[in-house]
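A.B. asks: Here's the letter readout for the chains.
Protein chains: 2
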Amino acid sequence: MINTILNHRSIRNYKSDPVNTDLLNEILEAGSRASTTGNMQVYSMIVTTEQKLKEKLWEKHFKQSMVKQAPVVVTFCADFNRFNKWCKQRKAEPGYDNYLSFFTAAIDALLVAQNVALAAESKGLGICYLGTTTYMAKEISAILQLPEAVIPVATLVMGYPEEMPDLTDRLPMEAIVHNEIYHDFKPEDIDRIYAKREASDETRALLEENQKETLAQIFTDNRYTKKDNEFFSEKFLGFIREQGFGI
Amino acid sequence: MINTILNHRSIRNYKSDPVNTDLLNEILEAGSRASTTGNMQVYSMIVTTEQKLKEKLWEKHFKQSMVKQAPVVVTFCADFNRFNKWCKQRKAEPGYDNYLSFFTAAIDALLVAQNVALAAESKGLGICYLGTTTYMAKEISAILQLPEAVIPVATLVMGYPEEMPDLTDRLPMEAIVHNEIYHDFKPEDIDRIYAKREASDETRALLEENQKETLAQIFTDNRYTKKDNEFFSEKFLGFIREQGFGI
Numbered sequence: 003m004i005n006t007i008l009n010h011r012s013i014r015n016y017k018s019d020p021v022n023t024d025l026l027n028e029i030l031e032a033g034s035r036a037s038t039t040g041n042m043q044v045y046s047m048i049v050t051t052e053q054k055l056k057e058k059l060w061e062k063h064f065k066q067s068m069v070k071q072a073p074v075v076v077t078f079c080a081d082f083n084r085f086n087k088w089c090k091q092r093k094a095e096p097g098y099d100n101y102l103s104f105f106t107a108a109i110d111a112l113l114v115a116q117n118v119a120l121a122a123e124s125k126g127l128g129i130c131y132l133g134t135t136t137y138m139a140k141e142i143s144a145i146l147q148l149p150e151a152v153i154p155v156a157t158l159v160m161g162y163p164e165e166m167p168d169l170t171d172r173l174p175m176e177a178i179v180h181n182e183i184y185h186d187f188k189p190e191d192i193d194r195i196y197a198k199r200e201a202s203d204e205t206r207a208l209l210e211e212n213q214k215e216t217l218a219q220i221f222t223d224n225r226y227t228k229k230d231n232e233f234f235s236e237k238f239l240g241f242i243r244e245q246g247f248g249i
Numbered sequence: 003m004i005n006t007i008l009n010h011r012s013i014r015n016y017k018s019d020p021v022n023t024d025l026l027n028e029i030l031e032a033g034s035r036a037s038t039t040g041n042m043q044v045y046s047m048i049v050t051t052e053q054k055l056k057e058k059l060w061e062k063h064f065k066q067s068m069v070k071q072a073p074v075v076v077t078f079c080a081d082f083n084r085f086n087k088w089c090k091q092r093k094a095e096p097g098y099d100n101y102l103s104f105f106t107a108a109i110d111a112l113l114v115a116q117n118v119a120l121a122a123e124s125k126g127l128g129i130c131y132l133g134t135t136t137y138m139a140k141e142i143s144a145i146l147q148l149p150e151a152v153i154p155v156a157t158l159v160m161g162y163p164e165e166m167p168d169l170t171d172r173l174p175m176e177a178i179v180h181n182e183i184y185h186d187f188k189p190e191d192i193d194r195i196y197a198k199r200e201a202s203d204e205t206r207a208l209l210e211e212n213q214k215e216t217l218a219q220i221f222t223d224n225r226y227t228k229k230d231n232e233f234f235s236e237k238f239l240g241f242i243r244e245q246g247f248g249i
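First to last, the sequence lines map onto chains A and B. Using our numbering, read the first sequence as starting at 3 and increasing by one per residue. Using our numbering, read the second sequence as starting at 3 and increasing by one per residue.
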């Protein structure tokens with residue numbers, strides 16, 4: 003089990019072999035064993051395998067090729083629709099049209115997603131998360147016909163890997179683990195924590211390619227800019243509101 | 003691996019045996035192998051084992067006994083503090099003071115949390131998530147001395163189990179999996195999906211104990227009320243703003 007976790011790499015090239023239905027169901031069922039708040043299971047998984055639908059999703063996921071290429075795309079949604087319908091059908095007045103309920107449902111969906119990712123990997127499949135899900139939540143919802151109170155928060159593509167990339171680097175544990183309470187970082191801590199990543203061949207190549215002085219600038223100026231973040235923040239918040247979770 | 007996932011149960015009673023440091027580090031390192039957006043790793047894990055600190059956390063986590071009793075409490079945080087400091091130290095202007103960045107960091111933290119939960123369970127430890135983390139994010143942050151741009155989103159307690167409860171029930175897969183696109187529920191679908199849960203001995207006992215007509219009413223009237231949800235929504239949103247993620 004822990005080996006599956008330690009061997010995770012994001013796979014961006016897939017064989018054309020489909021994923022057997024029984025295997026897929028076993029993986030999704032493993033997803034459903036994740037803890038959820040009050041066992042309400044306020045999430046859903048949309049499993050898309052039809053090529054035409056995958057192409058529509060691909061278009062919205064910034065045309066990342068693996069969305070078309072991988073045989074299975076699973077969209078994980080924060081979902082109070084089913085629960086609300088149940089309440090109304092059972093003489094109970096649901097009070098889940100608020101931000102906390104959306105966030106609770108998002109937590110449910112994300113823990114399930116990671117279960118599915120690991121179950122898939124343990125069965126020899128490769129996976130990749132699509133960070134574009136929250137940017138394009140509204141457009142993805144239109145394709146998948148999501149009703150009110152349902153919001154996509156993560157997407158996994160999966161299939162048999164056509165590549166086996168190296169493990170990606172991680173920051174040293176001192177960067178991400180704090181003992182007892184939070185210990186904030188001094189300038190020399192930041193230097194030490196990022197030293198290895200900054201000195202890597204990959205970073206050198208990126209700086210050359212992007213004509214930048216520091217790796218951090220590639221994040222702030224190219225990959226995750228203030229302008230984009232602010233644009234997609236408003237878009238995502240607007241969609242959360244539209245779906246009925248008042249903010 | 004998949005067996006670890008399928009055998010998950012939330013553990014609420016722990017032995018007093020501590021968790022060995024090497025084992026704990028191995029588990030946290032497994033956490034760090036989770037996918038994160040752009041490999042930014044914008045999360046942190048606060049590992050609390052001191053009894054006095056655990057008691058302070060217990061107070062804020064609605065006095066759930068396992069917070070005091072379990073040897074280890076891990077608080078998972080959406081964390082742009084370290085990344086922002088790195089940017090500023092590297093002539094880069096961070097643009098992460100917005101809602102999308104908070105949500106991105108929360109996704110990172112939650113995928114890591116589920117890795118940690120499964121790694122712990124694969125090593126014979128028991129775990130339990132505390133849903134109270136988002137309700138009490140501000141108070142928990144004060145105890146753990148979280149700086150600006152850091153917000154707790156999930157907490158795991160862990161230790162050696164003193165109990166082995168039955169697996170909890172789950173809704174049938176048709177309730178949570180949709181093929182190709184979302185298929186909304188008709189009244190008879192809702193009846194069928196909830197039938198088993200509603201007919202269980204546990205539900206019967208709950209209805210008796212709470213003097214309610216339907217299981218749904220126990221959720222809407224007792225466990226997760228509109229009033230509480232609205233109160234904690236405003237509180238959580240206010241704290242997200244205070245920590246510098248403008249909404």
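No wet-lab data here; the hints were simulated from the structure. Do not take every clue at face value.
It does not matter which identical chain is meant; a pair holds if it fits inside one copy or across any two.
Said to hold, decoys possible - Straight-line alpha carbon distances no greater than 30 Å define the calculated BS3-like cross-link-like pairs of lysine-lysine that follow:
#: 1; residue 1: LYS188; residue 2: LYS65
#: 2; residue 1: LYS54; residue 2: LYS229
#: 3; residue 1: LYS140; residue 2: LYS229
#: 4; residue 1: LYS228; residue 2: LYS140
#: 5; residue 1: LYS70; residue 2: LYS214
#: 6; residue 1: LYS17; residue 2: LYS188
A.B. asks: Does each hint fit the structure? Answer for all of them.
C.D. replies: Here is how each hint holds up against the structure:
1. LYS188 <-> LYS65: neither (40 Å within a copy, 35 Å between copies)
2. LYS54 <-> LYS229: neither (32 Å within a copy, 44 Å between copies)
3. LYS140 <-> LYS229: Intra 19 Å, inter 28 Å, cutoff 30 Å: intra and inter.
4. LYS228 <-> LYS140: both (21 Å within a copy, 26 Å between copies)
5. LYS70 <-> LYS214: The answer is neither: 32 Å in one copy and 50 Å across copies each exceed 30 Å.
6. LYS17 <-> LYS188: neither (47 Å within a copy, 38 Å between copies)
In terms of the numbered hints stated before, the structure departs from hints 1, 2, 5 and 6, listed from lowest to highest.
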